[in-house]
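Okay, here's what each chain looks like letter by letter:
There are 2 protein chains.
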Amino acid sequence: MAKKEIPYKIYLEESEMPKEWYNVRADMKEKPAPLLNPGTLAPMKREELMGVFCEELVDQELDNDTRFIPIPDEIRNFYKMYRPSPLVRAYCLEERLDTPAKIYYKFEGNNTSGSHKLNSAIAQAYYAKKQGLKGVTTETGAGQWGTALSMACAYFQLDCKVYMVKVSYEQKPFRREVMRTYGASVTPSPSMETEVGRRILAEFPGTTGSLGCAISEAVEKAVSSEGYRYVLGSVLNQVLLHQSVIGLETKAALDKYGVKADMIIGCAGGGSNLGGLIGPFMGEKLRGEADYRIIAVEPASCPSFTRGRYAYDFCDTGMVCPLSKMYTLGSGFIPAPNHAGGLRYHGMSPVLSKLYDDGLMEARAVEQTKVFEAAEQFARVEGILPAPESAHAIKVAIDEAMKCKETGEEKTIVFGLTGTGYFDLVAYERFHDGKMDDYIPTDEELEKSLSKLPKVNG
Amino acid sequence: MAKKEIPYKIYLEESEMPKEWYNVRADMKEKPAPLLNPGTLAPMKREELMGVFCEELVDQELDNDTRFIPIPDEIRNFYKMYRPSPLVRAYCLEERLDTPAKIYYKFEGNNTSGSHKLNSAIAQAYYAKKQGLKGVTTETGAGQWGTALSMACAYFQLDCKVYMVKVSYEQKPFRREVMRTYGASVTPSPSMETEVGRRILAEFPGTTGSLGCAISEAVEKAVSSEGYRYVLGSVLNQVLLHQSVIGLETKAALDKYGVKADMIIGCAGGGSNLGGLIGPFMGEKLRGEADYRIIAVEPASCPSFTRGRYAYDFCDTGMVCPLSKMYTLGSGFIPAPNHAGGLRYHGMSPVLSKLYDDGLMEARAVEQTKVFEAAEQFARVEGILPAPESAHAIKVAIDEAMKCKETGEEKTIVFGLTGTGYFDLVAYERFHDGKMDDYIPTDEELEKSLSKLPKVNG
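If you read the sequences in order, they're chains A and B. First residue of the first sequence? That's 1 in my numbering, and the numbers climb one at a time after it. First residue of the second sequence? That's 1 in my numbering, and the numbers climb one at a time after it.
Chain A with its partners taken away, still in its complex shape:
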């Protein structure tokens, strides 16, 4: 193998790590639509949000103008325990594909939460601590976000209360155990601890829970407990802000070696990883300083960008949260039970939704059997066992690299490898045993779900 001028892994120095988060909204001419109060349909006021979220996080949520927001030292010190994350040149994958494309991936899996979620968890925990709160509440599905938040709360010695979808609680005891190691209390949802939980259990005694129900329990617990607030790991503007550390590091690493990306690829569920990864690149594009192809990859079984509608919708199934204008499949949409991994949220970050609607990025839906094929191919040459979520981006990166092979173009492809698949091996097993199949919702199903969008859309 020839001598490589660019290292296999680019690690920035601590001194090169970002000192500020980047707020892409500041560079958007048209801003994302505001959150609406579901009762009055008026834009949510700062004071209304303060009862649910931490003060400084509300300010970040509403701030469409400040381009750079300083990262507090306490958060930067925590970042230093697992960041900068490496930007990896996929030499071995390139060689195996025999492509002239140059492939890079930003790997966010080298921390115990196993994903990028920790970048925002530690920020949200910090502001809760700073406000003098006792603790925070949240919901978690498979447990990635809950794990990240548990780690962050352990660090700041905050109480952490996680409502975990009951079916996951029972079937994924290992993530639950990681959360317990970090001192979090984990409750299967729906539970008898909240009014909404008791109501749902009375109505559907055998239910195994849903993310929407867990959100409702977590919000109720936060607003009804002295010294608690609710935190969320995706979708929100503040989360994209914190996650911009991914894109800032990626850009700094590329700049350091004089590399210009041609396309940026990321998986998209609620948009936390994609929004963070593409932020600074999108900023250049918005300011007319550079051009990039930006590709969001979503599961064909939960295709909010490619088959959803850009409209106001509820963020939760319980319909207690504000209305948000976003690409949505309808708040009642639930992906087929054979869908593996995350990326199962019915909606998409309002910021990304606006950018997509404005034609500034593309989206592609991929089927999960193809995703697992790409995951396995990647693991065998690059070593890392990817999370199913991350493998959506791998799939499209490989597709694009193979197009380069046909055309002979030496494009530079950058994708986000959000995390590791150590807790997804049941899905890998189904794949190996040939028991995994694809499910694509029919037009009728989507139409039915979308017919229930709130009336504000007219």
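Read the hints as simulated data drawn from the structure, not as lab findings. Treat each hint with caution, since some may be false.
Note: identical chains are not told apart, hence a pair may lie in one copy or across any two.
As the list claims (entries may be wrong) - The list that follows gives simulated cross-link-like pairs (lysine-lysine, DSSO-like), each with its CA atoms no further than 27 angstroms apart:
1. 435 with 166
2. 172 with 19
3. 9 with 129
4. 405 with 102
5. 29 with 285
6. 370 with 435
7. 80 with 405
8. 256 with 45
9. 19 with 256
10. 256 with 9
11. 80 with 411
12. 129 with 260
13. 370 with 285
14. 455 with 134
15. 9 with 19
16. 354 with 102
17. 256 with 80
18. 448 with 19
Put chain B on the given structure of chain A with help from the hints.
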């Protein structure tokens, strides 16, 4: 928190990565005792070993004189995908312990095998490929070594045949699934595929297997299959040689920042991690250039250093492998079933055994409930969820840091954090639920097991 002159994580540049492995035997005045043929009791000849192991690995096994052995480029390129591993300054742990000690750990868990095992797996796979073999066979207990070897074989497109102790195969399906992802064939042992497996199954129809039995099956498969050899992940001299990359990187990182270690601490099962970590430091000590306290930490339930005997013994329960002079509990010794994680081998690397016998290092046995307490304490401040094996070293590092707090000494403590605990959550769960206990073998039990040492010891 004050400004830190030493970064949280020291990453060497690619150009600073070791180009040669270090062979500590070259600096030992008295060499470790040779392997003996169990039939003739004569030292094993090169030719005798060639039928079982790859040629160049046999040469490395027998080479007591060459101080530095070049790392082939193909292996260095693979190392670049997950190395250099970070040397982490445990600022947060120091702060929480309120100790004047400076604590560093070399973290080997940032790769999909989850441990340092990959360092030797890729070397052994490389030499097998170079020799033109079709594949390799091995055994695995919990699956860490099998996973590492699967990854290495996938990279070189070698066939990989793993005999996995049946009880682990059934109870730890996730590690098995990682191996399958990398294309390995995994067989529960004992199996009907080998003569020894069939014999054992006939004699003990309900057996759930043992590492000793799996070794015997893997060796039989290797010697009876055209184009196959057997590989092993610990104990052997060659494995310590490959693992010296850990110690070389650690020393280079400390030297770069002008830090002198006072003590080096590592967990010890068969000795692969400990031998690799301490190698270059022990070399300085042997050459009289520097002094270090070196502490091996082993489980109280499998205490080969602290309660074993330095004698010739079988490496496997099946008694087909050569005899090795080492600290041993007797080849029939099996740790209590409540023992969590690895470090359950009855013997210890012959190199480390000799060094320990010569008084060049200390050993300490620790109980597993204390180990898990240390693991949890560490995870909550440093973020990383440690493997139970690695947590043995954490326990003693914390003990030593607390001694510094008493005396006010600012000692520099370096320990090896060999891996992550993502596949050990059943043990963590037992710990959280208060269902974990300690078991220390009685003198009578050890005496009984040691009474069966081979007659060559006189």
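| message | Within, between, both or neither: how does the pair residue 354, residue 102 come out at a Cα-Cα threshold of 27 angstroms? | response | neither (30 angstroms within a copy, 50 angstroms between copies)
| Identical-chain pair category, residue 448 with residue 19, by Cα at 27 angstroms | Intra 46 angstroms, inter 63 angstroms, cutoff 27 angstroms: neither.
| query | Between residue 80 and residue 405, at a C-alpha cutoff of 27 angstroms, which is it: within one copy, between copies, both, or neither? | reply | between (38 angstroms within a copy, 25 angstroms between copies)
| request: Could you figure out if residue 370 and residue 435 sit no more than 27 angstroms apart (CA to CA) within one copy, between two copies, both or neither? | output: Classified as within; 13 angstroms inside a copy, 43 angstroms across copies.
| When no copy is specified for residue 256 and residue 80, does a C-alpha distance of 27 angstroms or less occur within a copy, between copies, both, or neither? | both (20 angstroms within a copy, 19 angstroms between copies)
| query | Is it within a copy, between copies, both, or neither that the alpha carbon of residue 405 lies no farther than 27 angstroms from that of residue 102? | reply | Answer is within: at 11 angstroms inside a copy they meet the 27 angstroms cutoff, but 52 angstroms across does not.
| Using 27 angstroms as the alpha-carbon threshold, which applies to residue 129 and residue 260: within, between, both, or neither? | This pair counts as neither: shortest intra-copy Cα distance 40 angstroms, inter-copy 37 angstroms.
| 27 angstroms Cα threshold - placement of residue 19 relative to residue 9 | both (22 angstroms within a copy, 18 angstroms between copies)
| Between copies, within a copy, both or neither: which fits residue 80 and residue 411 at Cα up to 27 angstroms? | between (32 angstroms within a copy, 23 angstroms between copies)
| message | Within a copy, between copies, both or neither: which one fits residue 9 and residue 129 at a CA-CA cutoff of 27 angstroms? | response | between (35 angstroms within a copy, 26 angstroms between copies)
| message | Regarding residue 435 and residue 166, is the shortest C-alpha distance of 27 angstroms or less found within a copy, between copies, in both, or in neither? | response | both (24 angstroms within a copy, 24 angstroms between copies)
| request: State whether the alpha carbon distance between residue 19 and residue 256 is at most 27 angstroms within one copy, between copies, both, or neither. | output: Answer is both: 17 angstroms inside a copy and 26 angstroms across each meet the 27 angstroms cutoff.
Hints 2, 8, 12, 13, 14, 16 and 18 from the list above are not met by this structure, while the remaining hints are.
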